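Protein chains in written order, with the numbering used here: chain W, 21 to 554; chain B, 1035 to 1121.
Some clues are possibly wrong.
[Stated by the list, open to error] Capping the alpha-carbon separation at 30 Å, the derived lysine-lysine pairs in DSSO-like fashion look like this:
(1) K1115(B) x K143(W)
(2) K209(W) x K23(W)
(3) K170(W) x K390(W)
(4) K209(W) x K1090(B)
(5) K238(W) x K23(W)
(6) K1116(B) x K263(W)
(7) K352(W) x K189(W)
(8) K1115(B) x K40(W)
(9) K321(W) x K263(W)
(10) K172(W) x K189(W)
(11) K513(W) x K530(W)
(12) K143(W) x K43(W)
(13) K1116(B) x K1065(B)
(14) K1059(B) x K201(W)
(15) K209(W) x K1094(B)
(16) K209(W) x K1058(B)
(17) K263(W) x K1115(B)
(18) K265(W) x K1071(B)
(19) K118(W) x K513(W)
(20) K466(W) x K1115(B)
(21) K1059(B) x K263(W)
Derived from the structure by calculation, the hints contain no laboratory data. Since the model is a prediction, treat every value here as computed from it, not as a measurement.
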Amino acid sequence: MAKKILVVDDDPSVLKSLEKLFKKEGYDVTCVSSGKQALDCIERRDFDLVIVDIRMPDLDGVETVRNIKEIRTNQSKPDIPVLFITGFSDVVAIDKAKQYGEVVLKPFDLGEFLIRVKQQSTKRRVVITGLGVVAPNGIGKDEFWEANIKGKSGVNRIRSFDTAGYNSKIAAEVLDFDPLKYMPNSVAKRVDRYAQLGIAAANMAVEDSRLNIEEENKYNIGVCIGTGLGGVLFHEEQMMEIKIKGPHHAHPLGVPKISPNAVPAQIAIQLGLKGINLAISTACASSTNAIGQAFDIIRLKRADVVITGGTEAPITPFTFAAYDSLRVLSNKRNDMPQEASRPFDKDRDGFILGEGAGILILEELEHAIKRGAHIYSEIIGYSTTSGAYHMVIPDPTGDDASRVMELAIKDANINPEDIDYINAHGTSTQANDRIETQAIKTVFDKYAYRIPISSTKSMIGHLIGAAGAVEAIVCVLVIENSLIPPTINYKYKDPDCDLDYVPNEARRQKVNIALSNSFGFGSCNACIVLRRYK
Amino acid sequence: MSDIKKNIEERLEDIVAEILEIDKKEIRNNKDADFFKDLGADSMLGLEIIAAVERKYDIKIEDEEVQGLSTFNNILNFINKKLGQQK
């Protein structure tokens, strides 16, 4: 079916030539010569793209588009993409226009213009319609959010194994997690803990989204879930078993239990989902990458819905020992565990290992609107890069960190100054927090000092492959509630970290656009941008 | 039944009940019921039972021996034979 374009320009010669051009390309074109006429059209009809001149008498281009957005919202219809055209280099007007759509300067290359028109009129938008989270400071979206706002820490002395001989003795475990609340025993006993957390969060998210999985749509719903390490707990237990008792004591389910794709596979099996099924593994960036890939999958029309996020359960004797040996874990506050995770604080001495899962339901906008879904926010940008630097040490220049943020902002089609909140990677290591601060300043320049930045890891530690997803959920809830959770344990100012980290107390603030960073071992970087959907 | 034999049989009841998720009563009612044909087990569950038996009784079951082990009584007899051989 032909895409419908509305062209708004007070210059009749422009209208005539664009009408001729678009008709030739097979578009269904409507031309009007004023903003007011454009609004009349929008009231009565649907369009796939609006092309509007910025400088017009009476109602100018930006005002027209502002009104169009209001009309569409009142009609409960999605936004229509907008392309502004202008022959004048009025920087102020162009900046204002960029908040609402792309700007094309006249004279423009015809071929380029047509490509942009095609892109804009066929663009799919992706929104978030369900959340599920199992975190060290709260199980379930509501409990988790309450804890975040109150600055409640989920860090404690480790309970699941004996820490004698370890330098660090604290972690952020999910206590009181009962897998049987979220899955039948036949599933619970056949998966590793990391999968139990992920499946639980996925069931919560699907329930939250009220998505009906039926014959028609099960091929159209994908699963794309991140994990850095997979089923390490069972792996370690089995290794002990076999070493002591011999190889025939190996559990036949060993491989499927420890595989990183156990979670997306189990979710698909339980819910009968026959679409895309992926596991993404990029260390600490895994779940941000998973969300970003899910975003791309929907944009590319490979699915209308994707269950995405991440899960990790790394608090195990060997894995913890490995991190301990790497000397990245905090070990100065074993007797004050709740104060150990202190991102951006001068006295920080390493991160706290955490476990948990975060799952988000990503959905194509029209699909969500059609079924009356509750829409949390929209994903508008994603980027992922490699710093090509080191398996563990971050690039001290922070160039790769600033680049990934810049690319995500560009993908979102916004300016850096449009970001109202940053959920930092903020691990509480000397290196990351200093370098991330530097990278933020590179991207945002002086505006960096005006952005509230918080680190969820101050309360729940580092969830490795699940961190990005849980932190994305925080961004969603920040936008939803106009409330920013604090970076707790902020006591001593570090001159190298001099930005606004929302120290110790939650802050009431309306946030329209949020950015979330994840920088993984191996120089794997990922960044997503979320926007209020209204 | 002597004490040792009772222990062996009870342990097997626990294994089968847990893996097939059925009541021990159901097992005792028909110890010749076929796991696959009568009790709805798939090949994976069958493999889990074999592996659990190997672990719990510390015996080795070869590939060729697995074939006939599809009912409670078959497995019980097999275990007793193996344990008898080991003495």
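Hint check:
1. Between K1115(B) and K143(W) the CA atoms are separated by roughly 70 Å; this puts the pair beyond 30 Å, and the hint is violated.
2. Among the hinted pairs, K209(W) with K23(W) is inconsistent with the structure: their alpha-carbon atoms are about 52 Å apart, more than 30 Å.
3. Distance restraint check for K170(W) and K390(W): the Cα-Cα separation of roughly 36 Å exceeds the 30 Å cut-off, and the hinted pair is therefore not satisfied.
4. Between K209(W) and K1090(B) the alpha-carbon distance is near 17 Å, which keeps this suggested pair within the 30 Å criterion.
5. For the given pair, K238(W) sits about 28 Å from K23(W) by alpha-carbon distance, which is consistent with the 30 Å threshold.
6. Of the pairs offered as hints, the one joining K1116(B) and K263(W) holds, with about 24 Å between alpha carbons and a cut-off of 30 Å not exceeded.
7. Between K352(W) and K189(W) the CA atoms are separated by roughly 10 Å; this keeps the pair inside 30 Å, and the hint holds.
8. Using a Cα cut-off of 30 Å, the hinted pair K1115(B) and K40(W) is violated, with the two alpha carbons roughly 90 Å apart.
9. Distance check on the hinted pair: K321(W) and K263(W) sit about 49 Å apart at the alpha-carbon level, beyond 30 Å; violated.
10. The straight-line distance between the Cα atoms of K172(W) and K189(W) is roughly 20 Å, inside the 30 Å bound, and the hint therefore holds.
11. Between the alpha carbons of K513(W) and K530(W) the distance comes to roughly 26 Å, so the proposed pair stays at or under 30 Å and holds.
12. For the hint pairing K143(W) with K43(W), the CA-to-CA distance comes to about 20 Å; that is within 30 Å, so the pair holds.
13. Our distance criterion of 30 Å between C-alpha atoms is met by K1116(B) and K1065(B), whose separation comes to about 19 Å.
14. Restraint check for K1059(B) and K201(W): satisfied, since their Cα atoms lie roughly 27 Å apart, inside the 30 Å limit.
15. With a C-alpha separation of about 24 Å, the suggested pairing of K209(W) with K1094(B) holds against the 30 Å cut-off.
16. As the CA atoms of K209(W) and K1058(B) are separated by approximately 19 Å, the hinted pair is consistent with the 30 Å bound.
17. Using a Cα cut-off of 30 Å, the hinted pair K263(W) and K1115(B) holds, with the two alpha carbons roughly 27 Å apart.
18. The straight-line distance between the Cα atoms of K265(W) and K1071(B) is roughly 33 Å, outside the 30 Å bound, and the hint therefore fails.
19. Under the criterion of a C-alpha separation no larger than 30 Å, the hint pairing K118(W) with K513(W) is inconsistent with the structure, at around 37 Å.
20. A C-alpha spacing of about 81 Å is found between K466(W) and K1115(B), which places the hinted pair above 30 Å, so the restraint is violated.
21. Restraint check for K1059(B) and K263(W): not satisfied, since their Cα atoms lie roughly 37 Å apart, outside the 30 Å limit.
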